[in-house]
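K.L.:
In terms of the working numbering, the sequence shown opens at residue 1394 and continues consecutively.
Derived from the structure by calculation, the hints contain no laboratory data. On a predicted model such as this, the values are computed, not experimentally measured, just so you know. Please note that the accuracy of each hint is not assured.
[As the list claims (entries may be wrong)] Lysine-lysine pairs mimicking DSS-like chemistry, simulated, CA-CA at most 27 Å apart:
#, residue 1, residue 2
1, 1522, 1494
2, 1494, 1545
3, 1400, 1494
4, 1522, 1476
5, 1448, 1400
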Amino acid sequence: MSLDEQKIEITMVLEVLGTPKDKLVPALEEIITSLEKEKGVKVIEKNINEPTELKDTKDIYTNFAEVVVKIDSILLLFAIIFKYMPAHLEISSPEKIIFTKNEFNESVNELIRRLHAYDEVARILQIEKAKMNKKIKELEEGKKEEEKIEDKKN
């Protein structure tokens, strides 16, 4: 039996962090609604908890939802992982997942494609950070020079 002929049931924990406290439950509801609209995904059960204040912070809250879904394919599982970034995921059934070489290749290549996209973003951010740090250093040096000139005038 290929993966196309079986459904995968997963339980995942979706987590949000932020402020104000009263925005967290609606944020999780919106995420779950988006998940429900995904083709090949059926939400079986959802449980949204109450927000709690993040330890060692002031006015920053965290909240999570446990969501049970049935999905159509392993490729869709990878897509859900990258799109919704669950804090935890557990496959409940089937006990054995059998898929073809092509299904596996497609899933792995999608994983690689997304990792490369994230890596590209990280590299761009590193380059931009280096540029900003260089500019800050130049501005600080310019300010020091201006202060020296002002000191000489006085």
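K.L.:
Now tell me if each hint is right for this structure.
P.N.:
Here is what the structure says about each hint:
no., hint, verdict
1, 1522 x 1494, "violated, 41 Å"
2, 1494 x 1545, "violated, 76 Å"
3, 1400 x 1494, "holds, 18 Å"
4, 1522 x 1476, "holds, 26 Å"
5, 1448 x 1400, "violated, 39 Å"
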